[in-house]
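Engineer: Sequence:
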Amino acid sequence: MTMPASVTPYQSRAESLAASSPDWLAKLRRGALARFAEQGFPSLREEEWKYTNVAPIERKRFPLAEAPGQVDPAWAQDKLLPDCWHLVLIDGHFARDLSSLPERTGETVICDFNEALDRHSEWLTQGFGRAVDVDHGFIDFNTALFQGGAFIHLSAGARLEKPIQILHLQTQAAAAASRHLILLEEGAEATVIETYAGSDAGLTAHIGEVLLEKEAHLQHFKIQEEAERSFHFGGLYVKQAPHSHLTQNQFALGGFLARSEIHVTLDEGSACHLDGLHWARGRRHLDSHTRIVHAAPNGTSRENYKALADDSGHSVFQGRILVQPHAQKTDSAMHNRNLILSDKAEVDSKPQLEIYADDVQCAHGVTVGQLDDDALFYLETRGLDADAARQLLIYGFVNELIEAVPVMPLRAYLHRQLDPQFNAIDLKNPL
Numbered sequence: 001m002t003m004p005a006s007v008t009p010y011q012s013r014a015e016s017l018a019a020s021s022p023d024w025l026a027k028l029r030r031g032a033l034a035r036f037a038e039q040g041f042p043s044l045r046e047e048e049w050k051y052t053n054v055a056p057i058e059r060k061r062f063p064l065a066e067a068p069g070q071v072d073p074a075w076a077q078d079k080l081l082p083d084c085w086h087l088v089l090i091d092g093h094f095a096r097d098l099s100s101l102p103e104r105t106g107e108t109v110i111c112d113f114n115e116a117l118d119r120h121s122e123w124l125t126q127g128f129g130r131a132v133d134v135d136h137g138f139i140d141f142n143t144a145l146f147q148g149g150a151f152i153h154l155s156a157g158a159r160l161e162k163p164i165q166i167l168h169l170q171t172q173a174a175a176a177a178s179r180h181l182i183l184l185e186e187g188a189e190a191t192v193i194e195t196y197a198g199s200d201a202g203l204t205a206h207i208g209e210v211l212l213e214k215e216a217h218l219q220h221f222k223i224q225e226e227a228e229r230s231f232h233f234g235g236l237y238v239k240q241a242p243h244s245h246l247t248q249n250q251f252a253l254g255g256f257l258a259r260s261e262i263h264v265t266l267d268e269g270s271a272c273h274l275d276g277l278h279w280a281r282g283r284r285h286l287d288s289h290t291r292i293v294h295a296a297p298n299g300t301s302r303e304n305y306k307a308l309a310d311d312s313g314h315s316v317f318q319g320r321i322l323v324q325p326h327a328q329k330t331d332s333a334m335h336n337r338n339l340i341l342s343d344k345a346e347v348d349s350k351p352q353l354e355i356y357a358d359d360v361q362c363a364h365g366v367t368v369g370q371l372d373d374d375a376l377f378y379l380e381t382r383g384l385d386a387d388a389a390r391q392l393l394i395y396g397f398v399n400e401l402i403e404a405v406p407v408m409p410l411r412a413y414l415h416r417q418l419d420p421q422f423n424a425i426d427l428k429n430p431l
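Residue numbers (the numbering used here): 1 to 431.
Wrong hints could be hidden among the right ones.
Stated by the list, open to error - Ranges between beta-carbon positions, derived for each pair: (1) 333 x 393: 22 to 28 Å; (2) 399 x 72: 28 to 34 Å; (3) 369 x 419: 23 to 29 Å; (4) 424 x 106: 53 to 59 Å; (5) 19 x 342: 48 to 54 Å.
Unchecked claim - Dumping the calculated DSSO-like pairs for lysine-lysine here, alpha-carbon to alpha-carbon at most 30 Å: (6) 350 x 329; (7) 79 x 60; (8) 162 x 79; (9) 79 x 428; (10) 50 x 60; (11) 50 x 350; (12) 344 x 50; (13) 344 x 60; (14) 214 x 162; (15) 27 x 60.
Since the hints were made in silico from the structure, they are not lab data. Computed from a prediction, not measured in an experiment: that's the story for all the values here. Cβ coordinates follow ideal geometry from the N, Cα and C atoms, glycine included.
With the hints as constraints, model all of the structure from the sequences given.
Structural biologist: Right, here's the structure in full:
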C-alpha cells in the first residue's frame, strides 16, 4: 500500500511500534494508521472542527519524538506538586528517574503503559478503546503512534491515599504521543492531576480513557501550559457505570493552538461536573469541546466554562448534551461565560442540547461581554486607579474557578502561576 506524503514520516515508526506490540494492539495500530492515511487530521469542513483550523499541524509534519529529550531538573522539579505521587513523561516517554509511584499492591496498580502491556494485559484488553466513542485523525494518529503513558487500576473499594500527578514535559520540536487507561472498580476513588508543560514548539497528541464502575469516584484535573509556539490535542473519554461520579477542572493557559476534548457517557444515577478556564492571550487559540451523553435515567451533569480573550486571542467552546430516550429524570445544566478584553480578541461559543426524553430538566446559558463599566467606575470611586480596577474584576472572574479546586497543592500552584498577572493590585488587601 502506498502511503500519502502526510503519513510517510510516521510509517516506519508506526510499523516498528506495531511489530513490538501484542497482536491485539498491533492490529489496532495498523488499522489506525490506515485510517489516518486515508483521512488525515480533521478539517474546517467538519462541523465539530469548524472553529479550529489544524492545517498548520498537517503542514509541519512533526517528526515523532523517538527518545526523551534533555530536561532541566530544576524546571521539572518546579512542576511537581508536593504531597502527590508522580508519573512523568518526557516527550511521551516514561521517565522513571523523575517518577515516584506507590508500591503495587493487590488493590492498586499505577505504572507506565508499556509495563502494563507486559504485566497486566488482561486489564488492557478489557479496557483499551472501550471509552473512545468518536473517530477522527488525532485519535488514529495517537493509536498508531503512542509510545508511552500511564495505567491506573484500583480494585473495588480501593482509595488512593494522595493524588497521582501525571506530568507531561515537552522538550523537542517534535510530536509526543501518549495514552492513558484508568480503571476504577466498584466504589474505588482516585484523584488524577495531568500537567502539560513545554519548552519547545512541538505537538502533543494525547488520549486518555476512563472506565468508572458502579459508585466509583474520580477527580480529574488538567493544566495545559505548554510553550508559546506549541500545538496540543488532548482527548479524555469517560464511561460511567451507575451511581459513579466524575469531576474535571481544566485550566487552558498555554500553547499556540490547543484543543481539549472530553466525552462522557452517563449510566443510571451517575453524575459528572466539568469546570474549565481559558486564558487566550497573544495569538493563542484555545478550544474546548465537551460532549455528555445521558444514556440512562436519573443522571446529573453540570458544566461551567469561562474564558478570557485578550490581545488577538481566540477562545472556542463547543458543548453538547445528548439525552437519549430512556434517560428520564435527567438533570443537566451548562454555562459558558466569556470576557472579551480587546478589540482584536474573538470568542466562539456553541452550546447544544439534544433531548429525546420528555421528563427532564436541561438548560444552558452563554454570555459574551466586556468588563462592566459600572463596576469599574465603582472601584475607581473606592480609590483604585483604572488599571487596578480592571485587574481586580478579571481576578474575581478567574479566582472563582481556582478556589473551587479542592486539592490544596494544585490550588497553590495555580495561584503561583496566575497571581503575578495581577501586579497592579494587592491580592491580600485588594481594596
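Engineer: Take the C-alpha atoms of residue 50 and residue 350, compute the straight-line distance between them, and say whether it is at most 30 Å.
Structural biologist: holds, 11 Å
Engineer: With a cut-off of 30 Å on the C-alpha distance, tell me whether residue 50 and residue 60 pass.
Structural biologist: holds, 20 Å
Engineer: Hint says 48 to 54 Å; check whether the CB-CB distance for residue 19 and residue 342 agrees.
Structural biologist: With Cβ atoms ~51 Å apart, the hint holds.
Engineer: Check the hint pairing residue 162 with residue 79 against an upper bound of 30 Å on the C-alpha distance.
Structural biologist: holds, 17 Å
Engineer: CA of residue 344 to CA of residue 60, is that 30 Å or under?
Structural biologist: Roughly 26 Å between the alpha carbons, so the hint for residue 344 and residue 60 holds.
Engineer: Note whether the CB distance of residue 369 and residue 419 lies within 23 to 29 Å or breaks it.
Structural biologist: holds, 24 Å
Engineer: Hinted pair, alpha-carbon criterion (30 Å max): residue 214, residue 162. Please report holds or violated.
Structural biologist: Holds. Residue 214 to residue 162 sits at ~22 Å (cutoff 30 Å).
Engineer: Take the C-alpha atoms of residue 79 and residue 428, compute the straight-line distance between them, and say whether it is at most 30 Å.
Structural biologist: Satisfied, since the Cα-Cα distance of roughly 25 Å is no more than 30 Å.
Engineer: Is it true that the CA of residue 79 sits at most 30 Å from the CA of residue 60?
Structural biologist: At roughly 28 Å apart (the allowed maximum being 30 Å), residue 60 and residue 79 satisfy the hint.
Engineer: Need the status of pair residue 344, residue 50: alpha-carbon distance at most 30 Å?
Structural biologist: OK: residue 344 and residue 50 at ~20 Å, within 30 Å.
Engineer: Verify the CB-CB distance for residue 333 and residue 393 against the hinted window 22 to 28 Å.
Structural biologist: Cβ of residue 333 to Cβ of residue 393: about 25 Å, so the range 22 to 28 Å holds.
Engineer: Has the given pair, residue 350 with residue 329, been kept, meaning a C-alpha gap of at most 30 Å?
Structural biologist: holds, 25 Å
The structure meets every hint from the earlier list without exception.
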